[in-house]
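I would like the entire structure built from these sequences, with the hints used as guidance.
Residues per chain, in single letters:
Number of protein chains: 2
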Amino acid sequence: MKTIKISEAVVRRLPIYLRFLNELSKKNISTVSSQDLGQKLDLNPAQIRKDLAYFGEFGKKGIGYDVDYLIEKIRHILKLDKVIPVALVGAGNLGRALCNYNAYLKDNMKIVAIFDAQASKIGESINNLKVKPMEDLAAVIRSLHVRIGIITVPAVEAQQVANQFVEAGVEAILNFAPVIIKVPGEVRVHHADFTTELQSLAYYLD
Amino acid sequence: MKTIKISEAVVRRLPIYLRFLNELSKKNISTVSSQDLGQKLDLNPAQIRKDLAYFGEFGKKGIGYDVDYLIEKIRHILKLDKVIPVALVGAGNLGRALCNYNAYLKDNMKIVAIFDAQASKIGESINNLKVKPMEDLAAVIRSLHVRIGIITVPAVEAQQVANQFVEAGVEAILNFAPVIIKVPGEVRVHHADFTTELQSLAYYLD
Numbered sequence: 003m004k005t006i007k008i009s010e011a012v013v014r015r016l017p018i019y020l021r022f023l024n025e026l027s028k029k030n031i032s033t034v035s036s037q038d039l040g041q042k043l044d045l046n047p048a049q050i051r052k053d054l055a056y057f058g059e060f061g062k063k064g065i066g067y068d069v070d071y072l073i074e075k076i077r078h079i080l081k082l083d084k085v086i087p088v089a090l091v092g093a094g095n096l097g098r099a100l101c102n103y104n105a106y107l108k109d110n111m112k113i114v115a116i117f118d119a120q121a122s123k124i125g126e127s128i129n130n131l132k133v134k135p136m137e138d139l140a141a142v143i144r145s146l147h148v149r150i151g152i153i154t155v156p157a158v159e160a161q162q163v164a165n166q167f168v169e170a171g172v173e174a175i176l177n178f179a180p181v182i183i184k185v186p187g188e189v190r191v192h193h194a195d196f197t198t199e200l201q202s203l204a205y206y207l208d
Numbered sequence: 003m004k005t006i007k008i009s010e011a012v013v014r015r016l017p018i019y020l021r022f023l024n025e026l027s028k029k030n031i032s033t034v035s036s037q038d039l040g041q042k043l044d045l046n047p048a049q050i051r052k053d054l055a056y057f058g059e060f061g062k063k064g065i066g067y068d069v070d071y072l073i074e075k076i077r078h079i080l081k082l083d084k085v086i087p088v089a090l091v092g093a094g095n096l097g098r099a100l101c102n103y104n105a106y107l108k109d110n111m112k113i114v115a116i117f118d119a120q121a122s123k124i125g126e127s128i129n130n131l132k133v134k135p136m137e138d139l140a141a142v143i144r145s146l147h148v149r150i151g152i153i154t155v156p157a158v159e160a161q162q163v164a165n166q167f168v169e170a171g172v173e174a175i176l177n178f179a180p181v182i183i184k185v186p187g188e189v190r191v192h193h194a195d196f197t198t199e200l201q202s203l204a205y206y207l208d
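Protein chains in written order, with the working numbering: chain A, 3 to 208; chain B, 3 to 208.
A few of these clues could be false.
If chains are identical, the list can't say which one is meant, so a pair holds when it fits in one copy or spans any two.
Listed next, the in silico DSS-like pairs over lysine-lysine satisfying Cα-Cα at most 30 Å (straight line) [unchecked claim]:
(1) K184 - K63
(2) K184 - K112
(3) K134 - K112
(4) K81 - K29
(5) K81 - K42
(6) K52 - K81
(7) K112 - K62
(8) K184 - K75
(9) K28 - K184
(10) K123 - K63
(11) K184 - K52
(12) K132 - K42
(13) K75 - K29
(14) K132 - K52
(15) K123 - K29
(16) K184 - K84
(17) K132 - K84
Treat the hints as calculated values from the structure; they're not laboratory data. Quick caveat: nothing in here was measured; it's all calculated off a predicted structure.
Below is the structure:
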């Protein structure tokens, strides 16, 4: 039930707040000010207050934010309080690395299936998941109610994998292939190309 | 020579423009409108015009942007027209995957050295680079004039690696470990945690 449209920039900052809040919570720190958040995350405190104000009045003047309450709220906003099964195509180095991240995803978002087009990889075990052939993709995605697909195949194969994800009913795609993929308007795509991260970092060199 | 401070959001969009412009250039498409860019990249055309206007008057009304000229300008703004040597610590799955990306980095940014703390990995060859021990880090970084460091080690080791990078004179760090690292103010850190990408994607599920 979205009543207002929140800008993508804000949505992208929320997981960053969440990560830091989780670290505070682990250290049994119960309140945090927007100043502290801003200093840690290299963001303007006013920006942080504005971001969080989108979702309601979380903070208290002069005291700050209740860490655990804010975690719960952001998790709810990001829908991390629901189970979100994820599938991954491309059992190469990057695919393996991402599957190994599963351990960190204590949120209800988990990679539940891995696929690869190469016969030699089928049946291999990665982090307790067996690599499945592409022919099984649609059936597995439906039976496991997969909602998000991750693409870690070479650029030339990415569009075809995206098509298969869309046909199987996936609602959002995280694409690591260094190519722009086309999907119908109702499917959300994020690109997670590490080259763009490196390139934007170069700007800050003197 | 920065005369104006450009917001991080803009700096992060420039590589995305660049990737798409490179695709157009490969297809011998010589001009592009902000409408076309906006449609492809799911961004408001007015936003794109505003972003690019930071850097000068690139576009022509009614015609659009000259693709190759814009590529050259963005590359210059992002300092990709200079050689930027990069070093990586952590020769695991993710480290390997990133080294394999080197092929895509036709820009002058290249991973020139890989390090790992595990004795068993030293001397292994990844994409024509031999994995070096951590003891060599400072000397190698200085001799190869490395300016950017990439961290792909487990969370518990990330801060120590960051310290070594900073001591060796690295100016910017791309951190893939799911933990916030602390560095002196003059060093720029970007976090490239894939969990935050996944989490912001979840927001867009219905």
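TODO: List in ascending order the numbers of the hints, as given earlier, that are violated by the structure.
DONE: Result: hints 7, 10, 12, 14 and 15 break, sorted rising.
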